[in-house]
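J.: Sequence:
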Amino acid sequence: MAETYDFRTVERKWQHRWERDGIYRATGASDRPKYYVLEMLPYPSGDLHVGHAKNYTLGDSVARMMRMLGYDVMHPMGWDAFGLPAENAAIARGIDPATWTAENIANMQRQVRLMGTSYDWTREVATCEPEYYRWNQWLFLRLYEEGLAYKRAAPVNWCPHDRTVLANEQVIDGRCWRCHNVVERRNLSQWFLKITDFADRLLADLETLPGWPERTRTAQRNWIGRSEGAQFAFGIEGLDAKIEVFTTRLDTLYGATFVAIAPEHPIVAQLKGIVSKKNAAAIDAFAESLKSKSELERTSLMEKAGLFTGAYAINPLSHEHVPIWVTNYVLSDYGTGALMGVPAHDERDYEFAKAHGIAIAEVVIPPGREPTEPLTEPFCEDGRLIASDDFSGMSSARARDSIAARLTALGLGKKTVNTRLRDWLISRQRYWGTPIPIVYCETCGEVPLPDEALPVLLPGHVQFTGEGSPLEQIESFVKTVCPRCGGDARRETDTMDTFFESSWYYLRYLDPHDERLPWEKAAADRWMNVDQYIGGAEHTVLHLLYSRFFYKFFHDRGWVTGHDEPFERLFHQGMVLYNGEKMSKSRGNVVGIDETADTNGVDAMRLFLLYVTPPEDTSDWTDEGISGRVRFVNRVWRACEPFFGGGASDVRALPQASTAEEKALVRAVHVAAKSAIDETTSRRFHYNATVAKLDELVNALTVAVQKAPESPATVYAAHALPVLLAPFAPHIAEELWERFGHDRSVHLEPYVRPDEAALAVDEITLVVQVNGKIRARVAAAPGLSEDAALALAMDEANVRAQTDGKQIRKRIYVADKLLNLVVA
RNA sequence: GGGGAAGUGGCGGAAUGGCAGACGCAGCCGCCUCAAAAGCGGCCGAGGCAACUCAUGUGGGUUCGACUCCCACCUUCCCUACCA
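Position one of the first sequence corresponds to residue 59 (this note's numbering), numbered consecutively onward.
If you're looking for bench data, these hints aren't it; they were derived computationally from the structure. Treat the hints with care, since some could be wrong.
[To be verified] Once the Cα atoms are required to be at most 30 Å apart in a straight line, the calculated DSSO-like pairs of lysine-lysine come out as: (1) Lys537 <-> Lys579; (2) Lys412 <-> Lys252; (3) Lys721 <-> Lys765; (4) Lys252 <-> Lys579; (5) Lys300 <-> Lys92; (6) Lys610 <-> Lys92; (7) Lys92 <-> Lys732; (8) Lys732 <-> Lys751; (9) Lys209 <-> Lys92; (10) Lys412 <-> Lys362; (11) Lys252 <-> Lys643; (12) Lys252 <-> Lys537; (13) Lys336 <-> Lys412; (14) Lys330 <-> Lys362.
[To be verified] What follows is a list of derived Cβ distance ranges for each label pair: (15) Gln764 <-> Glu187: 55 to 61 Å; (16) Leu389 <-> Ser247: 19 to 25 Å; (17) Glu77 <-> Gly830: 55 to 61 Å.
Predicted model, so just to flag it, every value in this text is computed and none were measured. Every residue, glycine too, gets a C-beta built ideally from N, C-alpha and C.
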């Protein structure tokens, strides 16, 4: 009896045995229905903490539940292994990125296994391996064939010291995060994917994803930013050219008192030709002052600044001449890079006009306003038009249509739709990524490589100086021959954004060793779509939008069939805080997997993470909290220990239960089973409630073991416990199951099926209300009639006191729960 | 500025229109022990001697009945942000 539960030995033992026996492999061939549960591909940063464990524990519990409910479960794991940290380690410490990454993967793999997860490791992928990234290149070529991958010049963040492009996140206060030099915006020739072609479908199909969190769908809607409006042109005084503007408020056209353009707008060069030398110089100075600012600084942090160019634009309908300004608040890559300024009806234009003494003309008024009153703030809603020629008197909505019709008739403009979404820039001037399979030939120009030339391998033994793209400096990589003419050619030295490989990895898992295709269509037919995707909310847009884009492309090509969305249901798990803060290595505020596995045990860790909050909420890791689950694990062990070696008992047969205690104990088994199953099938995953039911069961079992160890109900409850626990605390469940005398894994058992008879209770508490207030609670047999309930209620002095001498106007009876008497 | 989620004991939370506070943590009391730890048992929203009353951010509404549904407001967290 004195044997205490040795979680370290037991957990290690079963992790090895599961690995050896391969019990978690997805078969694909069985007659079971499929279920694909996936957690977002992790970046192998080196070390896992309990925040990661929350994500994997949830996914693993779902996978284990679904297996025990009879599904053929696909539950794979892999590594998002390209990316900057590996290259930075190389620059800082001279470690080869491939070596650094491989070491991290090895360590994280160990830690993921340590968590008792049930992944099918035969499907593991690492995106930095040629066997994976060659298919990146293959997919890139397919996109290229259809014009969905193209190269064009675009403004980017450029660090002049490191001579490389930086991602927006790597620019801090306008300076390079590594060398702290001021970052410039530069026009560079870059590779893009034409995601904007899919904007309408990406937007509309969000409606086909009811299993996604509303906030994520909303975030994607906002990101795509479809806005309906009109595009039309202003003429320019003294210049045979036009400035196109986009607006959603065509009804305010007569209120335009200026035209604002971005300093990068191509018209600026022509304008400089028609204004004074002084003005032209001022424009250059203004543009120069903005050049070094990142987009972030220009748009969010700066005051609205601007400069009158000296030129005037001509309103196409009112023929008014209005000043043209260059400003920092007009974005060069949204709409046309120019807008009509209507201070009376737009917040930003109002602010700008006030600051620079520009005229304000009111053309839309709310009902009841006298247009003679001076304007104290812009009116930005719809109203009725004034001072707008023959459009005056119209409602805003009608005016938008009428003005658009007039512009269209005159050939000056038309209704259009603008999207905020921009094409996806995938070029990176970095080494540790997928080489883009393009060469530049002196005679043929830009030439895609044929499929036989794949993979374009990343060269090894590279010197990292931190300056510029390492690939550019490797002559043996750059120098090649043109596949078309055989002449001299140079390879593209840009590599792909790592979001490229994570946009399709869920398909590679299904056919990970295929050497002819990225995946066999039959595999996708069997397994897609991903039934449940689990990951953090930080990916509400980027990864999830890119993956949707790719999947629609695959669908159009016929490589996948069915719903053209990859992820049927999506779940965002919450963060884990420690000491009230996000875990962070630099602040020493981390609870590591290795430490907690060693001090508390993995089962206790998993149970705590599931139990502490509903999975979507932020939870706090506390030492007290985890010790509560350690106690629970030990209680489970002690409650089951008396039955070791007593022979395996069939938990599928209900035991004889005669006393109220026995019935309650058997019921507790089925209540817990019902909770686990309901939380799984409802996709709510509130296993915190399930673990609480398991607590109640173990509490009842602990008492029963003391009072009635021989009772069939006690024996039954003890033997059922490992089955109930298996998805959540897989190690102790397996150990108990073996000690009970079973020779097959508990994880291959069917889950306990909730039984109606076992769930039924002998006695219910009927709540008696008078006018909605509780006046009595009476014990009764379930299923009693309304009349019988009324009779019981009227036996209660409290009920009589409230009803005597009054007429009962209405009775509400909820069977086995409540009787409400409404009296006059 | 826009959007999303959420406000329940000392704390984490349970209760998806029907007994508010399950379960756990912390705390208190007891048993066991020479003692401690562990374990086991009990108490644990507020007021009141009590019967009872009050109590789920605030104010309204719907309903026989609201933590739950609707409206407004307050607070907190997350995302996003000059998108014309």
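J.: Next, verify each hint and record whether it holds.
T.: Hints and how they fare:
Of the pairs offered as hints, the one joining Lys537 and Lys579 is violated, with about 37 Å between alpha carbons and a cut-off of 30 Å exceeded. In summary, the hint linking Lys412 to Lys252 is not supported, as the alpha carbons are separated by about 40 Å, beyond the 30 Å threshold. Only pairs whose Cα atoms come within 30 Å are accepted, and Lys721 paired with Lys765 is accepted, the gap being roughly 14 Å. About 24 Å separates the Cα atoms of Lys252 and Lys579, which keeps this hinted pair within 30 Å; it holds.
Proximity of Lys300 to Lys92 is assessed by CA-CA distance (about 59 Å); at most 30 Å being required, the pair is judged violated. For the given pair, Lys610 sits about 22 Å from Lys92 by alpha-carbon distance, which is consistent with the 30 Å threshold. Simply put, Lys92 and Lys732 have alpha-carbon atoms about 22 Å apart, close enough for the 30 Å limit, and the pair holds. About 10 Å separates the Cα atoms of Lys732 and Lys751, which keeps this hinted pair within 30 Å; it holds.
Straight-line distance between C-alpha atoms of Lys209 and Lys92 comes to about 41 Å, which puts the hinted pair past the 30 Å bound. About 11 Å separates the Cα atoms of Lys412 and Lys362, which keeps this hinted pair within 30 Å; it holds. With a CA separation close to 38 Å, the supplied pair Lys252 and Lys643 exceeds the 30 Å bound. For the given pair, Lys252 sits about 29 Å from Lys537 by alpha-carbon distance, which is consistent with the 30 Å threshold.
The hinted pair formed by Lys336 and Lys412 meets the criterion: a straight-line CA distance of about 24 Å does not exceed 30 Å. Taking the CA atoms of Lys330 and Lys362, the gap is near 22 Å; set against the 30 Å cutoff, the hint holds. With their beta carbons about 57 Å apart, Gln764 and Glu187 fall inside the hinted range of 55 to 61 Å. One distance hint, 19 to 25 Å for the beta-carbon pair Leu389 and Ser247, holds here, with the actual separation near 21 Å.
Between Glu77 and Gly830 the C-beta distance comes to about 60 Å, which sits within the given range of 55 to 61 Å.
When held up to the earlier numbered hints, the structure conflicts with 1, 2, 5, 9, 11 and fits the remainder.
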